[in-house]
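Asks: As a plain string of letters, each chain reads:
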Amino acid sequence: MYVYRIMLFLVFGGYLLSPLLMNGWGDPDIAWYRPFVIWGGLIALTLWLEQKRKLDER
Amino acid sequence: MSVELVGLLLLGFGYLVLLFGCGFVIERGWVPVRVVRHPVVYILAVGVYASAWAIYGSLELAAHAGYGYLAYYLGAAGAFLLAPVLLVPIQRITRTYQLASLADLFAFRFRSRWAGSLVTLVSLLAVLPLLALQVKILGEATHLMTGSDSPALIALLFCAAIALFAVVFGARHSQLHARHDTLLATIALESIVKLLAMLALGGIALFGVFDGPGDLQQWLEGPGLAYQAATPQLEPAQWRTLLLLFFAAAFLMPHLFHITFAETLSRRTLLQASWTLPLFLLLMALPIPLILWATQARGTFDVSIAAYSAFALSESWWVGALVFIAGLAAASGTMIIISLALSGMILNHVVLVAHPPEARADLYGWLRWLRRALIGAVIFGGWLFYRTVGMHNDLTTLGLAAFVGMAQCLPGMLALLYWPGANRKGMVSGLLIGVMIWLWGLWLPLLFPTVIPAFPVTPLAPADAPLWYHVTLLALVLNIMALIVVSLFTRTSTGEKSAAEACSVDAVIRSKRLPLDAATAEDFPQHLAQALGDEAAQREVIRALKDLGLAVNERRPYALRRLRDRIQANLSGLMGPSVARDIVDRYLPYRHDDQPATDDIHFVESRLEAYRSRLTGLARELDGLRRHHRRTLAYLPIGLCVFGDDEELLMWNQALTALSGIEGDSVIGARRDSLPTPWAALLGQALALDHTPLYKQAVTLHGKTYFLTLHKAVLSDHDSRGGSVILIEDHTEMKWLEDELVHAARLASIGQLAAGVAHEIGNPITGISSLAQNLRYDTDDPALLETADQIQQLTQRVTRIVNSLVGFAHGGRQATPLPIEPVALSSITEDALHLIHLARAGDDVTFENSCPDQLVVRGDAQRLTQVMVNLLSNARDACQTQGHIRIEAGAQHAQAWWRVIDNGQGIDPRVRDRLFEPFITTKAAGQGTGLGLALAYQIVTEHQGKIEITSPPLGHSRGTAITLWLPLYS
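In order, the protein sequence lines correspond to chains A and B. The numbers in the first sequence follow the working numbering, run straight up by one, and end at 58. The numbers in the second sequence follow the working numbering, run straight up by one, and end at 1970.
Hints are computed from structural coordinates only; laboratory data are not their basis. Check each hint, because a few of them may be wrong.
[Said to hold, decoys possible] For lysine to any residue, the following SDA-like pairs were computed, each having C-alpha atoms within a straight-line distance of at most 25 Å:
#: 1; chain 1: A; residue 1: K52; chain 2: B; residue 2: Q1654
#: 2; chain 1: A; residue 1: K52; chain 2: B; residue 2: T1269
#: 3; chain 1: A; residue 1: K52; chain 2: B; residue 2: Q1233
#: 4; chain 1: A; residue 1: K52; chain 2: B; residue 2: Q1272
#: 5; chain 1: A; residue 1: K52; chain 2: B; residue 2: L1282
Looking at chain A on its own, in the form it has when it is part of the complex (with noise of 0.2 Å):
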């Protein structure tokens, strides 16, 4: 059950930092990509907490 907290503090911050995605379209100092290998490294840190997650309640 702490890691659903995790996951949770994790999408409320994520929702609130979100719009700094979008200051890359348009910045030639921002690679294109960036906001497409955060959102990879999301969902490999949901990954990593969901198999967190079976050992927790095993």
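Add chain B to chain A, keeping to what the hints say.
Replies: Below, chain B without anything else, positioned relative to chain A:
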């Protein structure tokens, strides 16, 4: 008809025929079940979220809001990231109560059929623009590729084929809450098609138009800068609102709710989707800017038709075909699932509410055909909306109208899960206000752009903010406020409170223990037949019994309540929770006695066990304590059972299971009077007690007599749960010991009596012996002399017996010391046989002395003769006519064995262990004293020997062998 149009029709219908083919192949079972039911199939099927908006709408949004288009994907990804706390609880409720749609869920939680009807109406209104969006994409794509003047007609043809597919593969079951393997697999296939198509288009953009990532970066830093700078950016607040809309859409939209919750899939798969769906969406979103930038780089970008930019990627016909197929796969999947989900909602919450089902012969068939008609109607409604409205509006307008409308159910949904205080009036008030604002601001202007007065600028957002933003903020804020305020200031019904507890994430249902009118499960079909007809009632009851693993003749009130709940849940999947509840309440009613209903503790415990992993903190600690106390009672080495005030059995521990041979699971929940014999009567007596225990009640269990003592305690009167606890102690062993004690005391008395009798007999025996001696002196007649001899021998024997009896009575002390002399076993066997012949005519029994002459033991010849006489006497009495008794002997090491074998009736197993006890006999009363073997045992023990008894002897089917082991004379 142009060549291009024919080609496109062939392509489109060819794809749909391929879908039909896949459906057919899966339906026939030609694809292994493990493939069809693989979690990946489900995860891909959830990809139905990526509708035609994900391809065309996103391109349009990206052209107008840059990375703002990502809100569509990230909103849904956020909802699935929260699967453990958001989607899993919804899945738990929908699965437990067989709720197949959002309307079912609202009708169940808020205990109102009108709540379900309202949500259905809102869903229908919200989904129409989304359906129109899908149809529009098919029509516009056709127009762009072929220049056709009648895109609406072409779109109608595609709609008809899609509707046919939905009817054939989606409406086979009348039960909405069932897994449609074929449908899921084909939707998964569509997800693969659109994903591959998008990746291919992204690849064409990156490597076909640009020369790879480096070239793209160069373009972005050069000529592309102007294009990007011209793209307006979303305000952070607007972006967050868009995220919220798509977050809500990910589980509120009818098709998403259907695929996520109505298809019976495992919790594990849903949790896996928390990262796999975001990954799928990432791959779908990645090509969007590439396609846009590629068309800008090629100079073929037209902002007015930005949604269809992918067609401008290349002049090649096959690239256009790829874009079309991607759109067709996305649109058809969305339309199929939306039509299925909405048809179920309309059927359950509009049609069946207006016309409740009657007891018709073919209820299932009737429901199936109604659903099929509604599927067709929903898809045709989508086309009609496109024809009248969609053709004149862009994709973003249509999509946002749909998503803002559906988001009005979000406050109600969150309250349903996390706020048990919310009630029907609050939810309906909030929803109505939100929906009216949405209709006024976004939906009605689509239909009547010139008639509807302009939506006012709200103080919640800047004046220059887009209309959708104003409408969304105002509608959601007022919706939430109305929900909270009205819920706080109005009364919540009892039924609603109980449903709120059932739905709440942190609550466990506190079911009440009420008796049903139906006495057994066999009565259920008869009651239900009035509503469903005989056949459907029978089928539903059998199905529910099978689900619960109960027998047809089940009588336990607990089991009958679970059966009622299961039937209601199953009917809910068939015709919605409102109608199901009405039917069950009316035809399977609870009996309301004068006694107040108490909590169904056993049910609450089983639910707590199931939800244990969800508990945290103090709740988890308390649950740990509860389990500890429960185990203490369960493993108590004394039988324990607990009854409610209504005499329903609530607990039956393991010791009682071992004692009674009755498993707790088979009787818990039963009434006391329906327990097996003798427990019903015995526990009835115990319950009737005040405070005095019920001592040593004789009961027959497993063919043996047990003596049980029962103690009862009444659970506190102040506790609303009430009831009584009964302890059952097995006092059988103690009773036996008590009986033994009494028996021993009786033996002691008899021993004293026997010693007195022996003393009195001694004198006359001495007289008889003297007279026999005199007789010998007085006669020379050989016959008389022999008689006198025999009299003397017999009197000596009587004297020895009397001495032995006296010795036995004096605690085993012998009157005279044991002489040690050589004794030939053959000789004393002969003596014993001789005496036996004197005591009774033994014509019907033959004796055989096989003892070797040379075998000599150490002991007292007289006493050993007495032992042999006793053994032979017993053996003779045990033999029937034609009996045969053999006496044999032998030596082994320093011991001689001396054995009497008969072919008699053998020894009763019940007395075998007690044969050497005094007064134990199997002979009829008056025929045996029960002292023979006891004396033999005593004598042999005095000779430092032992006795072994085998009955029947080895290698024989009957008879007894008694073997004496005596020390050899050396």
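Asks: Each hint: holds or not?
Replies: How the hints compare with the structure:
1. A:K52 to B:Q1654: The hint is violated at about 37 Å.
2. A:K52 to B:T1269: 16 Å, holds
3. A:K52 to B:Q1233: Cα-Cα ~38 Å, so violated.
4. A:K52 to B:Q1272: Status holds; Cα separation ~13 Å.
5. A:K52 to B:L1282: 23 Å, holds
When each numbered hint is compared with the structure, violations occur for hints 1, 3.
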